[in-house]
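Protein chains: 2
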Amino acid sequence: MSEDERFGLNKGVRLMGPVKLDNGAELVPVDFAYETYGEINEARDNAILICHALTMDQYVASKHPATGKDGWWTSMVGEDKPIDTSRFCVICINVLGSCLGSSGPASVDPASGNQYGMDFPVITIADMVRAQAILLDHLEIETLAAVIGGSMGGMQALSWASIFPDRVRSAIVIAATARHSAQNIAFHEVGRQAIMADPNWQGGNYYEGDAAPAKGLSVARMAAHITYMSEEGLTEKFGRNLQDRDAKSFGFGADFQVESYLRHQGSTFVDRFDANSYLYITRAMDYFDLAEAHDGVLAKAFTGTKTRFCLISFDSDWLYPTAESRQIVHALNAAGAAVSFVELSSPFGHDSFLLDAPDMNRIIDGFLKAGETS
Amino acid sequence: MSEDERFGLNKGVRLMGPVKLDNGAELVPVDFAYETYGEINEARDNAILICHALTMDQYVASKHPATGKDGWWTSMVGEDKPIDTSRFCVICINVLGSCLGSSGPASVDPASGNQYGMDFPVITIADMVRAQAILLDHLEIETLAAVIGGSMGGMQALSWASIFPDRVRSAIVIAATARHSAQNIAFHEVGRQAIMADPNWQGGNYYEGDAAPAKGLSVARMAAHITYMSEEGLTEKFGRNLQDRDAKSFGFGADFQVESYLRHQGSTFVDRFDANSYLYITRAMDYFDLAEAHDGVLAKAFTGTKTRFCLISFDSDWLYPTAESRQIVHALNAAGAAVSFVELSSPFGHDSFLLDAPDMNRIIDGFLKAGETS
Chain A
0 MSEDERFGLN KGVRLMGPVK LDNGAELVPV DFAYETYGEI NEARDNAILI
50 CHALTMDQYV ASKHPATGKD GWWTSMVGED KPIDTSRFCV ICINVLGSCL
100 GSSGPASVDP ASGNQYGMDF PVITIADMVR AQAILLDHLE IETLAAVIGG
150 SMGGMQALSW ASIFPDRVRS AIVIAATARH SAQNIAFHEV GRQAIMADPN
200 WQGGNYYEGD AAPAKGLSVA RMAAHITYMS EEGLTEKFGR NLQDRDAKSF
250 GFGADFQVES YLRHQGSTFV DRFDANSYLY ITRAMDYFDL AEAHDGVLAK
300 AFTGTKTRFC LISFDSDWLY PTAESRQIVH ALNAAGAAVS FVELSSPFGH
350 DSFLLDAPDM NRIIDGFLKA GETS
Chain B
0 MSEDERFGLN KGVRLMGPVK LDNGAELVPV DFAYETYGEI NEARDNAILI
50 CHALTMDQYV ASKHPATGKD GWWTSMVGED KPIDTSRFCV ICINVLGSCL
100 GSSGPASVDP ASGNQYGMDF PVITIADMVR AQAILLDHLE IETLAAVIGG
150 SMGGMQALSW ASIFPDRVRS AIVIAATARH SAQNIAFHEV GRQAIMADPN
200 WQGGNYYEGD AAPAKGLSVA RMAAHITYMS EEGLTEKFGR NLQDRDAKSF
250 GFGADFQVES YLRHQGSTFV DRFDANSYLY ITRAMDYFDL AEAHDGVLAK
300 AFTGTKTRFC LISFDSDWLY PTAESRQIVH ALNAAGAAVS FVELSSPFGH
350 DSFLLDAPDM NRIIDGFLKA GETS
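If you read the sequences in order, they're chains A and B.
Reminder that position 158 of the first sequence reads as 157 in numbering that gives the first Met the number 0, one-by-one numbering, no gaps.
Reminder that position 166 of the second sequence reads as 165 in numbering that gives the first Met the number 0, one-by-one numbering, no gaps.
Treat the hints as calculated values from the structure; they're not laboratory data.
One thing to keep in mind: the hints can contain errors.
The list treats identical chains as one, so a pair stands whether inside a single copy or across any two.
What the hints assert, rightly or not - Straight line, CA to CA, 27 Å or less: simulated BS3-like cross-link-like pairs of lysine-lysine:
1. Lys247 / Lys19
2. Lys247 / Lys299
3. Lys62 / Lys299
So that you can see chain A by itself, here it is in the shape it has in the complex (with noise of 0.2 Å):
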């Protein structure tokens, strides 16, 4: 690893940016939580940008802190892997709003000396967009190789090619959409209204108190873990299977595998998310639109682009499906952009990009190495 203290594990640090956000206000100081895999090259150009989804976190191909499990991505980060760190300084950074180091509701206000909760301003994707520039500015890296993302960090990248087209030389956008259907704003609100409805949220200001919107939490995150997975996956993996008994209970415990799976994955998301940051981050992706700023013309967001695009989607997934990834190429063989598309097979749904899935990684390893010889 470098000397350079700015590269590394666990790293953080507190910038004065300040981040101008889309609400018209700014926000600073700005905390960063960040890991860096790979050394920087002297020309300082070899950096890949890893944009993390809504619940996920920096830790892509390092263990999680709090759940002691390995990274999200350990099949695509690393030696020899598609995005390979013996090539590439890799590097992800919690999101604004988050919870896992980088500023958010859960963070001091240095205005006030308390958390900000509900004080937080509401942000957008493009201000997690801008904020990271201001991170990257610090970790002098002007040009990113490439801007890599799924679901959210699709959004981030789609956003980044668009804010900052002179530092994307390549993004890889994966099961993605540039703009919030009403479906998905719709399965967002359950959500905040499951949290809100939960007592223990008392507007946001649980932080002090002995307990979270657990109730509320884990309940948000069962109805969105339903939109990351497919009818047909649910069906493969549990169909009607009954959970530790042979035969139906008539009652209500969890009779069924689905609601065991279910149960379980809401319970233990809320061991490793705050809930206000659910609000936040869930509102930042319903507040995407991409193509709004432009006149409603998602081409003219990439015009003039000299950035590589590559897309992907899986065709089981219904939460983006490829049909929103089709209508990004679209725009960008419009705006005369250099754009690679391929929709893959897999049962899983939208959660696909998390799972091991070679035909992704083949596609992402192609698409970086041509990068390097063009």
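Mind docking chain B on chain A? Use the hints.
Just chain B now, with coordinates in the frame of chain A:
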């Protein structure tokens, strides 16, 4: 209207049954709340039983006493309508477990003198049907000209034809399934967990207190409501339109129309529905697997049937997609049943069957008329 006091509007009766439940117990007495429209003929063979969906009720073509709204299927039921009350005696019974007058968790348990709450037995779709048969016995109706239902009503119609093949001349099954999938169960489990997470739920013993678990029930309804509409329908109806404002608020109010709509769906639902009933009826639906008692072979549920079947699905219904209806049709074909099947096109998802659907009306009209002349 007939002088028979058993027929007409706002009818109710307590019968001693008992209903032999799938859980092994017997339920007695059993209260029935029901509506009838049109006259029963001398042969008592012109009755049509309409089975209602999860949160619907017996007010199929008469005003709901609590909401003051017109019946939920006035486009289908009435004089000169497809289910023609000048030819048929139409009966709709509030299902067992519900809260509009038939026995359910809010009913008084004669054994204790208190409301059942969670002491009400966990029931099944078959239990609902067996209870309905007891009421039909009371009405001296041996055979039904038809049994008709959409969604959970379709599950009941299928069960009627399977359990009482000699009592059902025709069955019309709309937007239904022969078994709840893992995804179906998952969505219901989210709703149940939302209700049970509400501290006002109090283990189901909230009837004596000041407050029902309205917030939890509202969240449950919001989650379910998304599954009743298609992504396409939500986009067409709401898209990303803002509600009563020109710009995003950068807050957590209902910025988007779809949020406002969902919140309204949730908050009005709690005024007309009991949270415990929601638990019990969703459980009955999750337990539904018509093939289960027939060695997993759906066709065996209809062996030797003489009932005529009409199946209708909607192409945008992702809750019970066309593939589910097709499986039922295959099973009926294997059982040698007379069956017609149509997939209708509609952008409105599962709820299409509740909306004015001229194609559906024509199909049902024709199917019923063919049944009278055959």
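- request: Could you check the structure against the hints above and give me the numbers of any it violates, in ascending order?
  value: Checked against the structure, the only hint that fails is number 3, while the rest are satisfied.
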